[in-house]
Every structure is written in structure tokens, then in C-alpha cells.
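Please construct the entire structure, taking both the sequences and the accompanying hints into account.
For the protein sequence lines, the chains are A and B, in the order given.
Be aware that the first sequence starts at 1, since it is given in our numbering, and climbs by one per residue.
Be aware that the second sequence starts at 135, since it is given in our numbering, and climbs by one per residue.
Treat the hints loosely; a few may be bogus.
When the alpha-carbon atoms are kept at most 30 Å apart in a straight line, the in silico DSS-like pairs for lysine-lysine are as follows [to be verified]:
1) A:K18 x B:K220
2) B:K220 x A:K57
3) B:K206 x A:K57
4) B:K191 x B:K172
5) A:K72 x B:K220
6) A:K120 x B:K206
7) B:K206 x A:K86
8) A:K86 x A:K120
9) A:K120 x B:K152
10) B:K172 x A:K120
11) B:K254 x A:K38
12) A:K86 x B:K220
13) B:K172 x A:K18
14) B:K152 x A:K38
Beta-carbon label-pair distances, calculated as ranges [stated by the list, open to error]:
15) B:K254 x A:A29: 48 to 58 Å
16) A:A117 x B:E212: 31 to 41 Å
17) A:V123 x B:V196: 13 to 23 Å
18) B:E171 x A:R22: 41 to 51 Å
19) A:A12 x B:E171: 18 to 28 Å
20) A:A43 x B:S245: 40 to 50 Å
Because the hints were derived from the structure by calculation, they are not lab data.
The beta carbon of each residue, even a glycine, is placed where N, CA and C say it ideally should be.
Protein chains: 2
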Amino acid sequence: MSEPRCPELTPAEFNLMKVLWRLRRATVAETRAALGEKGDELAYTTVMTLLGRLAAKGAVVVDREREPYVYKPAFRRESVLRDRLKGFLADVFDGEASSMVLHLVDSEQLSIEELRAIEKSVVEPEARAKRGKK
Amino acid sequence: MSEPRCPELTPAEFNLMKVLWRLRRATVAETRAALGEKGDELAYTTVMTLLGRLAAKGAVVVDREREPYVYKPAFRRESVLRDRLKGFLADVFDGEASSMVLHLVDSEQLSIEELRAIEKSVVEPEARAKRGKK
DNA sequence: CGCAGCCAACTACAGATGTAGTAATCAAAC
DNA sequence: GTTTGATTACTACATCTGTAGTTGGCTGCG
Chain A
1 MSEPRCPELT
11 PAEFNLMKVL
21 WRLRRATVAE
31 TRAALGEKGD
41 ELAYTTVMTL
51 LGRLAAKGAV
61 VVDREREPYV
71 YKPAFRRESV
81 LRDRLKGFLA
91 DVFDGEASSM
101 VLHLVDSEQL
111 SIEELRAIEK
121 SVVEPEARAK
131 RGKK
Chain B
135 MSEPRCPELT
145 PAEFNLMKVL
155 WRLRRATVAE
165 TRAALGEKGD
175 ELAYTTVMTL
185 LGRLAAKGAV
195 VVDREREPYV
205 YKPAFRRESV
215 LRDRLKGFLA
225 DVFDGEASSM
235 VLHLVDSEQL
245 SIEELRAIEK
255 SVVEPEARAK
265 RGKK
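Printed below as a string of C-alpha cells:
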């Protein structure tokens, strides 16, 4: 029995998840406010609907102890990002990670310096420790 | 007037595009056959519907000179992949390319050796020439 | 010449998605 | 205590997606 995987998320749902990961946990109103700051104005009920769907598919946990309910992510951000990355890589680059990275460099979204820095951070132990935050 | 961008593609549509890029150009039947080899069995009319939608949104060009019609991609594969990558990066990793690559390495989808190889290929001129195929 | 196939156009349709309105409740303000 | 505001539970619904059926033309086979 491997760890339970996060269910598929639609773009709108994923967007909510990003907010929840940032806030750790939040009520509908709080979530809505955070979205608003990003420029995503959604009706209160829309946010509720989305959070409801996320709860239904098990992507968030709802604390119904006391109202207003508090929602929080059921899966670590890191692991969800990883899964998405994996899926994307398989879908678009046939799983060829290096091909993808090459594209990144080619299109100047990643510099050689960054590439070297990554390499270093993977090898060097103390840099390794730092990792994880980002 | 910058270059026209490829319109958004749904997963099913993108899947067809992958086939078309491989075949360069193809009829409905040929496309369908190629999909079949990959294990994607779709009804003839389904393939036609999808190609029709792709044509409608300008992602493929249709040669109606003589039947059966011949469909071919309206955009280079490379550029579409790039766009998708860019969108994904922005959406999932807030545009932080190095963060994404770090994830790749962490989850062992990319080895340090590959990373070094990429670095090299970007720097070295003759390796640079080779690039493009992949 | 009439039928069997191939093909394009049009139609169908269930399920997913994004977005939000309405009803019912409850608690705080007056 | 009645009105008001917050909050949740339903309901709504237009679109988009994936998948495919139906209709009718044209073409070559017998």
C-alpha cells in the first residue's frame, strides 16, 4: 500500500490549492480574500463550490468542528508538484527530462549559471540541507 | 505583429498533433491508424471530429484539393512544446525554472550526469550543432 | 446499372468545468 | 424579538470535451 496519491485537479481547483498551501488552512472567506489579492475575483459561492469539490475528491480536509469551516490541503505541495511535473514530462516530452531542460535553456528560461548552481546544490551537502524551502 | 501562436489544445487534440508532427501530414485514416498503433483506438468519426476542431481553431491546415483530405500541423512542434513548457512552468512553479529542475533531480527523473551533459552541450559548439534533433 | 465502401458533414450526448444564484440557518446588532 | 449579515447546502447552467452515430455523396466492382 503505497501512499495515497492526490486526485486529479482541474486548473481552477489547483489554483485554490496554491492558496491553501500558502495559508496552510483557511475558511471560504479567507481563501476568497487571498484569491482576490491575486486578482482572481470569484463569488463567495464559487469558492465554496470549488472547495466542496476538492473536499469531495479528498484533496482537502474539512474541519467542521465549528463554523465557519476550515479547509486545509490533504497532500503536501511538494508531492503534488512532483506528480504534475511527472505527468507533464511524460505527456509533452515523452518522459525525456533532459530534452525538457534543454528547451528551458534554449528558450532562456533557465541560464547556465542556474544550471551549475543546481548541480552544485545537489552535490554539496550543506547546500543540500538548505534545499526544501524553495 | 509577432508570430501567431498556436491555439490552446485539449489533451485529446494534443495527442493528435503528436501524431501529425510525426507523420508530417496525414489523412483521417492514416492518423487513425497511427493512433491505433499506439494503442489509442478511436472511431473514424472521432478522429475526424478532432481534426475538424483542430482545423477550426487553426492548429492544423487542411488540403482539400483532392479527397481524402490531408491534414498537417500549422505550427512547429518545437514552438508548441516550448509554449506548453512555459505555461506549465508559470502555472506550477511560478516561473521558477531552477525550482522545477531541482524537483526533477530530486525525484530522480534527471541524473546529475544528464545535467552535466546538457551543460556541456550548451557550451560546446559542435555539440550545439547536434542539438535540435532531440 | 445497382450495391458495397470510403469519406465528409452534421448531429448527439453524457460528463466535466467554471461560475454563480437561491434557500435555509444561525447569531449578532438593534 | 425582528432585521441583517455570514455561512452552508442545494441547484443551475452554459461550455467544453471526448467519443461516436447518421446521412448522403461518389466511386469502382461485378
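>> Hinted pair, alpha-carbon criterion (30 Å max): K86 of chain A, K220 of chain B. Please report holds or violated.
In response: Between K86 of chain A and K220 of chain B the Cα gap is close to 16 Å, so the pair holds against 30 Å.
> Is K120 of chain A close enough to K206 of chain B, meaning Cα to Cα at most 30 Å?
Replying inline: violated (44 Å)
> Going straight from one Cα to the other, do K152 of chain B and K38 of chain A come out at no more than 30 Å?
Replying inline: violated (35 Å)
>> Hinted pair, alpha-carbon criterion (30 Å max): K18 of chain A, K220 of chain B. Please report holds or violated.
In response: holds (18 Å)
>> With the threshold set at 30 Å, check whether the alpha-carbon distance from K86 of chain A to K120 of chain A stays at or below it.
In response: holds (23 Å)
>> A range of 40 to 50 Å was offered for this pair. Does it hold for the Cβ distance of A43 of chain A and S245 of chain B?
In response: holds (47 Å)
> Does the Cβ pair A117 of chain A, E212 of chain B satisfy 31 to 41 Å?
Replying inline: violated (26 Å)
> Measuring from beta carbon to beta carbon, are E171 of chain B and R22 of chain A in 41 to 51 Å?
Replying inline: holds (45 Å)
> Within 30 Å, alpha carbon to alpha carbon, are K172 of chain B and K120 of chain A?
Replying inline: With a Cα-Cα distance of about 40 Å, the restraint between K172 of chain B and K120 of chain A is violated, given a limit of 30 Å.
> Does the alpha-carbon distance linking K254 of chain B and K38 of chain A stay inside the 30 Å limit?
Replying inline: violated (40 Å)
> Is K206 of chain B close enough to K86 of chain A, meaning Cα to Cα at most 30 Å?
Replying inline: Roughly 29 Å separates the two Cα atoms, so the pair holds.
> Per the hint of 13 to 23 Å, is the separation of the Cβ atoms of V123 of chain A and V196 of chain B within bounds?
Replying inline: violated (52 Å)
The structure shown violates the earlier hints numbered 3, 6, 9, 10, 11, 13, 14, 16, 17, 19.
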